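Reading the sequence shown from the start, the letters are residues 1 to 237 in the working numbering.
Check the hints yourself; a few may be wrong.
[Said to hold, decoys possible] Straight-line Cα separation of at most 25 angstroms, PhoX-like style, residue types lysine-lysine; simulated pairs: (1) Lys163 to Lys111; (2) Lys82 to Lys111; (3) Lys195 to Lys147; (4) Lys82 to Lys68; (5) Lys82 to Lys178; (6) Lys178 to Lys195; (7) Lys195 to Lys68.
[What the hints assert, rightly or not] Distance ranges between label pairs, derived from CB positions: (8) Val227 to Glu158: 39 to 47 angstroms; (9) Ile183 to Glu159: 40 to 48 angstroms; (10) Asp161 to Asn224: 38 to 46 angstroms.
Read the hints as simulated data drawn from the structure, not as lab findings.
None of these values were measured; they are calculated from a predicted model.
Backbone N, C-alpha and C fix where the C-beta goes; we use that ideal spot for every residue, glycine too.
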Amino acid sequence: MKKQAILISVFLFSIFAVLISCNSGGNGNGKTDGKDSVENENKINYPKDTTLDQIAALLGGYQADAFKDIFTDEMTFWNDYKTSIDTPWTRITNERLARMDTWSVDELSPKINDTLLLFYPFSGTDFLNAFHLFPNANEYILIAMEKLGTIPDLYNLEEEDLKGYLDAVNFALRDIYKRSYFITGNMDQDLRKHKVDGVLPILYVFLHRTGHEIYDFGYYRLENDGVSFTEIDEPSN
């Protein structure tokens, strides 16, 4: 399978995030197909911040290597968290996402240029459906009203705080599990709390669970001319 770099821009008013990612030739479950991925690795000519991908793996319910030394046998919550994501994800993959993939191949791909930019107003953080319907787009622009938010230093969180954060991320995904779309009122409550302060961790889960690797990430402010932009440390709102 090919390994295709994509650009994801998430616009929230004048502040937006840009992620450089690539599809690693996986089957949508966050795992790659081994040989093909290795053979195509050198085709991605972009420096990779491996920390980002490790964070996405952890949030997505995978035992990321960078975090393995912080887990102990007493941390029973991790297996619970992994199951709480794996179980609904397997269900929606079989019942919904696989069917979307088939429909996209049969109905959309023959009729459109599969590398066109995808523009998704009022998207919230819904990269998941966008990708499964248009998996070969090379740029995704998502426009939403929700906060971008941040991701805390997961490695140095206390066990109870890490458990609480992971549980809050998974709770924010409940409408995707049940309905395939986010309910605005629920998102407004779920993503404005102390634990999860925006859409960013949800986007990380979607990227990892769709077989992507995150190469880079940054916050930017769109300037008054509507064209130029400036990189910033993190959003202030």
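Structure-based check of each hint:
1. Lys163 to Lys111: violated, 46 angstroms
2. Lys82 to Lys111: The hint is violated at about 39 angstroms.
3. Lys195 to Lys147: With a Cα-Cα distance of about 13 angstroms, the restraint between Lys195 and Lys147 holds, given a limit of 25 angstroms.
4. Lys82 to Lys68: holds, 14 angstroms
5. Lys82 to Lys178: holds, 18 angstroms
6. Lys178 to Lys195: Since the Cα atoms of Lys178 and Lys195 sit roughly 23 angstroms apart, the hinted pair holds (cutoff 25 angstroms).
7. Lys195 to Lys68: Judged against 25 angstroms, a Cα distance of about 22 angstroms means the pair holds.
8. Val227 to Glu158: 39 to 47 angstroms: holds, 44 angstroms
9. Ile183 to Glu159: 40 to 48 angstroms: violated, 31 angstroms
10. Asp161 to Asn224: 38 to 46 angstroms: holds, 39 angstroms
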